[in-house]
Amino acid sequence: MKTQKKKNEFLYFASRNKKLLIGASIIALFLLLALFGPLLTKTPPFAFANPLGATPPSSKYWLGTTFFGQDVFSQFVNGLRATFIVGLIGGGMGTLIGIVIGFAAGYRGGMVDEILSVLTNIVLVIPTLAVLLIIAAYLEVRSIATQCIFIGLTAWPWVARAVRAQTFSLRTRDFVDLARMSGMKPTRIIATEIAPNMMSYLLMVFILQFGGAILTAATLDFIGLGPTNAISLGLMMQLAVLWGALQLEIWWWFVPPGLAITALVGSLYIMNVGLDEVFNPKLREL
Amino acid sequence: MSLTVDRLRVYYQTLYGDVKALDGVTFGIKDGEIMGLAGESGCGKTTLSNALILMRPPMKYLEGKVYLDNEEIPVWDTDQMNPIRFAKISIVPQYAMNAMNPTRKIGKMIAELLEARRIRSTEVTAELKRRLDLVGLSHDVLKMYPIELSGGMKQRMVMVISTLLNPSLLIADEITSALDVSTQRAVAEMLVEFRDCKIVKSMIIVTHDISILYQIADSILVMYAGKLVEKAATEVIIHQPRHPYTRLLIASLPKVGIQHDQKQLVGIPGNPPLLLNPPVGCRFRERCPLAYEKCIEEPPFIEIEPNHYTACWKEIEGHASA
Amino acid sequence: MLALKEVSKTYRIGTFGGKELHAVRNVSFDVKPGEVVALIGESGSGKSTIGKMILRLIGTSAGSIQFQGEDIAAFDHARMKEYYRKIQGVFQDPFSSFNPIFKADRIFGIIRDEFYPRIGEKEWQEKVNVSLTAVGLNPEHVLNKYPHQLSGGQLQRFLIARALLLDINFLVADEIISMLDASTRIDVLNLLSDLKARGLAILFITHDLSLANYISERAIILYRGCIAEMGNIQTVFNHPLHPYTRLLMASVPRLDKKWEEPVSVVDGREATLDGCPFYGRCPVADKTLGCDRFQPPLAEVEPNHWVSCYHYPVGKINLR
Numbered sequence: 001m002k003t004q005k006k007k008n009e010f011l012y013f014a015s016r017n018k019k020l021l022i023g024a025s026i027i028a029l030f031l032l033l034a035l036f037g038p039l040l041t042k043t044p045p046f047a048f049a050n051p052l053g054a055t056p057p058s059s060k061y062w063l064g065t066t067f068f069g070q071d072v073f074s075q076f077v078n079g080l081r082a083t084f085i086v087g088l089i090g091g092g093m094g095t096l097i098g099i100v101i102g103f104a105a106g107y108r109g110g111m112v113d114e115i116l117s118v119l120t121n122i123v124l125v126i127p128t129l130a131v132l133l134i135i136a137a138y139l140e141v142r143s144i145a146t147q148c149i150f151i152g153l154t155a156w157p158w159v160a161r162a163v164r165a166q167t168f169s170l171r172t173r174d175f176v177d178l179a180r181m182s183g184m185k186p187t188r189i190i191a192t193e194i195a196p197n198m199m200s201y202l203l204m205v206f207i208l209q210f211g212g213a214i215l216t217a218a219t220l221d222f223i224g225l226g227p228t229n230a231i232s233l234g235l236m237m238q239l240a241v242l243w244g245a246l247q248l249e250i251w252w253w254f255v256p257p258g259l260a261i262t263a264l265v266g267s268l269y270i271m272n273v274g275l276d277e278v279f280n281p282k283l284r285e286l
Numbered sequence: 001m002s003l004t005v006d007r008l009r010v011y012y013q014t015l016y017g018d019v020k021a022l023d024g025v026t027f028g029i030k031d032g033e034i035m036g037l038a039g040e041s042g043c044g045k046t047t048l049s050n051a052l053i054l055m056r057p058p059m060k061y062l063e064g065k066v067y068l069d070n071e072e073i074p075v076w077d078t079d080q081m082n083p084i085r086f087a088k089i090s091i092v093p094q095y096a097m098n099a100m101n102p103t104r105k106i107g108k109m110i111a112e113l114l115e116a117r118r119i120r121s122t123e124v125t126a127e128l129k130r131r132l133d134l135v136g137l138s139h140d141v142l143k144m145y146p147i148e149l150s151g152g153m154k155q156r157m158v159m160v161i162s163t164l165l166n167p168s169l170l171i172a173d174e175i176t177s178a179l180d181v182s183t184q185r186a187v188a189e190m191l192v193e194f195r196d197c198k199i200v201k202s203m204i205i206v207t208h209d210i211s212i213l214y215q216i217a218d219s220i221l222v223m224y225a226g227k228l229v230e231k232a233a234t235e236v237i238i239h240q241p242r243h244p245y246t247r248l249l250i251a252s253l254p255k256v257g258i259q260h261d262q263k264q265l266v267g268i269p270g271n272p273p274l275l276l277n278p279p280v281g282c283r284f285r286e287r288c289p290l291a292y293e294k295c296i297e298e299p300p301f302i303e304i305e306p307n308h309y310t311a312c313w314k315e316i317e318g319h320a321s322a
Numbered sequence: 001m002l003a004l005k006e007v008s009k010t011y012r013i014g015t016f017g018g019k020e021l022h023a024v025r026n027v028s029f030d031v032k033p034g035e036v037v038a039l040i041g042e043s044g045s046g047k048s049t050i051g052k053m054i055l056r057l058i059g060t061s062a063g064s065i066q067f068q069g070e071d072i073a074a075f076d077h078a079r080m081k082e083y084y085r086k087i088q089g090v091f092q093d094p095f096s097s098f099n100p101i102f103k104a105d106r107i108f109g110i111i112r113d114e115f116y117p118r119i120g121e122k123e124w125q126e127k128v129n130v131s132l133t134a135v136g137l138n139p140e141h142v143l144n145k146y147p148h149q150l151s152g153g154q155l156q157r158f159l160i161a162r163a164l165l166l167d168i169n170f171l172v173a174d175e176i177i178s179m180l181d182a183s184t185r186i187d188v189l190n191l192l193s194d195l196k197a198r199g200l201a202i203l204f205i206t207h208d209l210s211l212a213n214y215i216s217e218r219a220i221i222l223y224r225g226c227i228a229e230m231g232n233i234q235t236v237f238n239h240p241l242h243p244y245t246r247l248l249m250a251s252v253p254r255l256d257k258k259w260e261e262p263v264s265v266v267d268g269r270e271a272t273l274d275g276c277p278f279y280g281r282c283p284v285a286d287k288t289l290g291c292d293r294f295q296p297p298l299a300e301v302e303p304n305h306w307v308s309c310y311h312y313p314v315g316k317i318n319l320r
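These protein sequence lines are chains C, P and V, in that order.
At position 286 of the first sequence the residue is numbered 286 (the working numbering), and the sequence of numbers has no breaks.
At position 277 of the second sequence the residue is numbered 277 (the working numbering), and the sequence of numbers has no breaks.
At position 62 of the third sequence the residue is numbered 62 (the working numbering), and the sequence of numbers has no breaks.
Note that these hints are calculated values from the structure, not bench results.
Check the hints yourself; a few may be wrong.
Over 10 Å on every C-beta distance to chain C, these chain V residues come out as not near it, computed from the model [said to hold, decoys possible]: (1) Lys5; (2) Ile13; (3) Gly89; (4) Asp93; (5) Ser96; (6) Ser97; (7) Asn99; (8) Asp274; (9) Asp286; (10) Lys287.
List of simulated lysine to any residue pairs, SDA-like, C-alpha gap at most 20 Å [unchecked claim]: (11) Lys263(P) - Asp208(V); (12) Lys52(V) - Glu9(C); (13) Lys143(P) - Val181(P); (14) Lys258(V) - Ile258(P); (15) Lys65(P) - Gly24(P); (16) Lys258(V) - Lys65(P); (17) Lys257(V) - Lys143(P); (18) Lys257(V) - Val181(P); (19) Lys52(V) - Thr172(C); (20) Lys52(V) - Ile101(V); (21) Lys258(V) - Val181(P); (22) Lys185(C) - Asp208(V); (23) Lys5(V) - Gln295(V).
Footprint (simulated), chain V over chain C, 3 or more residues, beta carbon under 8 Å [to be verified]: (24) 168–180; (25) 190–198.
Ideal Cβ placement from N, Cα and C applies to all residues, glycine included.
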């Protein structure tokens, strides 16, 4: 009855939360576009399809073509795909590393906690972007995958800190003591007793990481450290600016990627606020 | 009568319907009376004390009237209650220890509190110091931060603040339950002293600990599942209770010095009903060893002996036939 | 069976761990098989810390806890599991003892996974039913439910039933009835006395003197992490010697007697770490005896009655 009630309660509030619904719909729309959009393209993103160079959106080229006659729609949907991959893998890695370190530090406490906290704080204060710049500059070939790894390895400290604090408070609950008195091993206690109580929290953390990864990736791309062998939304903007799309008023080149990044990250944050309201009874409006 | 409550009905709104936490209660408190309000968790005693001072959503007022010193007070209207709250009806909250703003010195906090009531703090300084002497706190506490006080000292400080404007009625909500026995006694005796010094006219002491009430209350009102069960003088409730619930409750309390091999006490089987959808008739019916057909109807809360009220058909019928 | 030998627990507090908080100081006592010992103290007296140290949920800072002659601090995971087969605990807040997102019987499932992995389904059900019946619960009424669907009293019995699934001979009961309503708490108390009749030793941790007296044989009065007085519960309750125990006895609200003459409460006197822990509030503190500088030793002032107070030197006792 409780789960049913609880699930119903979650669904009840979730289905009435405008922020969550709006955010989720926008994300879903982009996700569909990223999944199926590339199937609708006639040319690869970098192919010089249109001999006329930059032309505005038309029935043939839905989002127009670039300075070099490349199909903007093809670049856009493929870039969108890359963005989702970076968000999912980069953000997912950051979340995962953060969770593992947070659990270990929060549950073990003592020496383990001190060492991990020092590590967390070191990574936290390292100027992430500067390090990414240096590493990215040294790599000959940069792919979407390497970008994911960079982001995953630098974005976890916030997650670790938050998870550690939550674990700390859950660890002192009596049911954890009871599990320990049942001779359960620590990893099992974390997996079966502590983690399930933090699911909603972890989901929200992942969403924030997802959004953060997209932003970081776009920043890297824009300053010219994007993938060298693939297209991404950030790279589109960088190329557009590089080839004077602003001065030549080729707006269809840079508006779609810019708008998409803003809308994606914005909706993720709105969704997060909505989820917070759904999960946190104090924020619910009856 | 200091306080008269007439058929007060207050529910809690939830997603699944109204919780009938206070379902029509009628009683009075005389001038100078310290009334203990006892009952198990969820019986409505906290709802009753909150209803008299601050009725905030999800609390929902349905009906009933409250008179203080023979004047009706609008308990359903939080705005209209503003001038009454603290000045005429005041409360010592359950977590009094944490009720004080930690970033303000206590003296400044009191001054701000008075200003909000448009009272100049200099007018009451002398009285404030007299009150501090009364509870045995040094005047220096006014220059201290709440964190510098021990639990018992904070409790006394909050009591001084709550009663500064000589309210007619003081509600003390479980104020002794978080304290250690030695501090508990001091705080309880201080409440009596406040009444004896006429700082407050009458008092409601909400607690689940009946033995504390036996020490300091003049009368005890017992609640069960949102209804009044019995009200009488303290000695009568403890030694000659009439309602089966009160009897079983008193009998289940271990006395100091009793050991289980000398005298095996028993609890009350069963659990209180859920107030979302309470049973018709007497709400204690399902756990009551004396329940009979009549109990399917709701028993009225009537005076079976002078100043002894109870809501039990057995007692009412016995009273009628006698 | 279980013995504490000069056990202390110190916490480092403050910004840089510079301050020390002595939660438990040099506590020694033992519990014999089948004995109910009441550990009585106010909040912050260290009584729950002692319970948690016995269950090895927290470590000791000094001293040792011995179970059947062996130091429990040296146990590895496998030995610890055997230890938990013999010793279990039940805590104050029944709702916090259950993971709110799972059904209540899950705590039985964990015991089965960890201790009885090879038992058959039918045999296990039988064992659970026996255990639940022993604590006065009807298996049909309580199995397959979520914690919030059961009352506090039922949950506490559930936890005791969990302990009974193992062959325990020692139970740490930490304030297990203080959150229960009066009408149900006595039943849980009676249950403990039934278990005692079956040979279970119980450490009954409480702040409530009347409840302690109801089921215990021996009382240990704690004040600020130190034992103030210890002995047969009747002796301690009827002839309290330590000024602190006397204050407690005079303050406890009784239903058969109103509070008598006012108790003298001292507040705010500075107590030092080296002196008697009760020095700050003691009405009979005497500097000439050294109350402010030296902690009085726990002395056996009469057979099986120990007091830590300079007013009661060994052999020179005046029982009014």
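Subject >> Hints violated by the structure (numbers, ascending) >> reply: Per hint list: 3, 4, 5, 6, 7, 12, 13, 16, 17, 20 and 22 violated.
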